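Visitor: In terms of our numbering, the sequence shown opens at residue 632 and continues consecutively.
Read the hints as simulated data drawn from the structure, not as lab findings.
Small disclaimer: the values here were computed from a predicted structure and weren't measured.
Misleading hints may appear alongside valid ones.
The following label-pair restraints were derived from C-beta to C-beta distances [stated by the list, open to error]:
id: 1; residue 1: Phe785; residue 2: Arg758; range: 30 to 38 Å
id: 2; residue 1: Val720; residue 2: Leu815; range: 28 to 36 Å
id: 3; residue 1: Ala916; residue 2: Asp830; range: 35 to 43 Å
id: 4; residue 1: Val720; residue 2: Ala877; range: 16 to 24 Å
id: 5; residue 1: Gly789; residue 2: Pro837; range: 16 to 24 Å
id: 6; residue 1: Arg758; residue 2: Glu691; range: 37 to 45 Å
id: 7; residue 1: Gly833; residue 2: Val726; range: 38 to 46 Å
id: 8; residue 1: Asp853; residue 2: Glu709; range: 22 to 30 Å
id: 9; residue 1: Gly732; residue 2: Arg712; range: 47 to 55 Å
id: 10; residue 1: Pro802; residue 2: Thr919; range: 46 to 54 Å
id: 11; residue 1: Ala877; residue 2: Asn700; range: 41 to 49 Å
id: 12; residue 1: Thr923; residue 2: Tyr703; range: 43 to 51 Å
id: 13; residue 1: Pro872; residue 2: Gly789; range: 26 to 34 Å
The beta carbon of each residue, even a glycine, is placed where N, CA and C say it ideally should be.
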Amino acid sequence: MASRRLLMAAAMLASAAAAALLSAPSDAQTERRTFVTHSGAVIETHGDVLDPMYTPSTVEFDPDEFLRNFEYGRVSEEDGRTVRDYTIVARDDLVQEVSPGVFFNVWTFNGTVPGPTLRATEGDLLRILFINNGSKTHTIHFHGVHPAEMDGVFEPVGPGGRFTYEFEAGPAGVHPYHCHVMPLEEHIVRGLYGMLIVDPPGGRAPADEMVMVLNGLDTDFDGENNLYAANTVPFYYQHHPIRIEAGKTVRVYVANMVEFDPVNNFHLHGNLYRYYPTGTDAVPAFYTDMVTMSQTERGIMEFEYEHPGRYLFHAHKVEFSEKGWSGIFLVERQGAPDGA
Numbered sequence: 632m633a634s635r636r637l638l639m640a641a642a643m644l645a646s647a648a649a650a651a652l653l654s655a656p657s658d659a660q661t662e663r664r665t666f667v668t669h670s671g672a673v674i675e676t677h678g679d680v681l682d683p684m685y686t687p688s689t690v691e692f693d694p695d696e697f698l699r700n701f702e703y704g705r706v707s708e709e710d711g712r713t714v715r716d717y718t719i720v721a722r723d724d725l726v727q728e729v730s731p732g733v734f735f736n737v738w739t740f741n742g743t744v745p746g747p748t749l750r751a752t753e754g755d756l757l758r759i760l761f762i763n764n765g766s767k768t769h770t771i772h773f774h775g776v777h778p779a780e781m782d783g784v785f786e787p788v789g790p791g792g793r794f795t796y797e798f799e800a801g802p803a804g805v806h807p808y809h810c811h812v813m814p815l816e817e818h819i820v821r822g823l824y825g826m827l828i829v830d831p832p833g834g835r836a837p838a839d840e841m842v843m844v845l846n847g848l849d850t851d852f853d854g855e856n857n858l859y860a861a862n863t864v865p866f867y868y869q870h871h872p873i874r875i876e877a878g879k880t881v882r883v884y885v886a887n888m889v890e891f892d893p894v895n896n897f898h899l900h901g902n903l904y905r906y907y908p909t910g911t912d913a914v915p916a917f918y919t920d921m922v923t924m925s926q927t928e929r930g931i932m933e934f935e936y937e938h939p940g941r942y943l944f945h946a947h948k949v950e951f952s953e954k955g956w957s958g959i960f961l962v963e964r965q966g967a968p969d970g971a
């Protein structure tokens with residue numbers, strides 16, 4: 632009997648010690664996150680943020696800054712024609728914390744994923760100096776109209792090399808650009824892509840303009856995306872809602888750069904938008920609250936919100952929205968308190 636009591640006491644002490652270990656504070660930082668699911672339910676999670684064991688993040692990327700930033704190049708004039716010069720540098724040695732505790736080796740144009748949003752007017756002469764500071768061969772392939780030797784397919788640029796792409800901007804619309812070196816899906820899914828916006832000669836009507844590049848991330852290298860986003864960081868615009876003004880036209884230049892998955896889509900809550908596929912036509916093709924896009928498909932969305940409040944936007948492919956491709960527009964009246 633005494634030996635049995637001794638064994639029971641030892642077991643209780645062992646259990647208490649194990650519980651103490653489990654409840655002991657961790658040296659890792661604890662983070663709490665709140666997510667809104669497609670059904671509207673609010674899910675709260677918390678846990679330790681994993682510290683990078685080998686390579687810290689070397690990419691500073693602000694989705695808010697990227698959202699409304701356009702690169703117009705260095706502008707000059709030759710023989711009465713507008714010339715725009717850009718420089719794009721490729722690297723494949725950077726690391727980005729794409730989600731708390733998730734560190735991913737990104738390949739970048741000018742140090743970010745997506746690369747810079749280039750902007751020009753139809754008819755401008757574009758010169759893009761491409762410098763490959765990576766350890767692998769890369770190119771830039773622009774969608775749109777240009778000579779064959781400027782297509783970025785048969786002109787590979789090796790490590791340390793450079794090449795100047797020169798062509799006339801056009802037609803007006805939204806044109807993705809990306810590396811075109813095989814294996815193509817690896818170069819794209821790691822981040823070598825961006826957007827070229829070409830405005831019509833007369834410009835577009837005034838609007839609150841923004842860029843959303845829809846992307847997926849295969850951080851465990853199994854050939855399937857495990858995170859999705861608008862502008863790279865999952866759930867970013869859900870935690871940092873995009874402020875827009877009630878009654879003001881919003882224009883979103885959108886491109887789907889998700890690899891591995893054949894389609895993606897964009898659903899807007901509480902409103903409909905005028906949709907211009909590829910942005911090449913002055914007349915919208917649809918008035919809808921959701922459009923489905925295949926890989927590298929793109930377009931322009933225009934809409935106005937009349938009623939203030941918080942409105943969700945997300946992929947209507949529910950897996951994508953629950954893995955990061957979800958955000959919020961915060962509609963405010965000019966001069967009113969936040970959200971009013």
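Visitor: Determine which of the earlier numbered hints do not hold for this structure and return their numbers in increasing order.
Guide: The structure conflicts with hints 1, 2, 3, 4, 5, 6, 8, 10, 11, 12 and 13, although it agrees with all the remaining ones.
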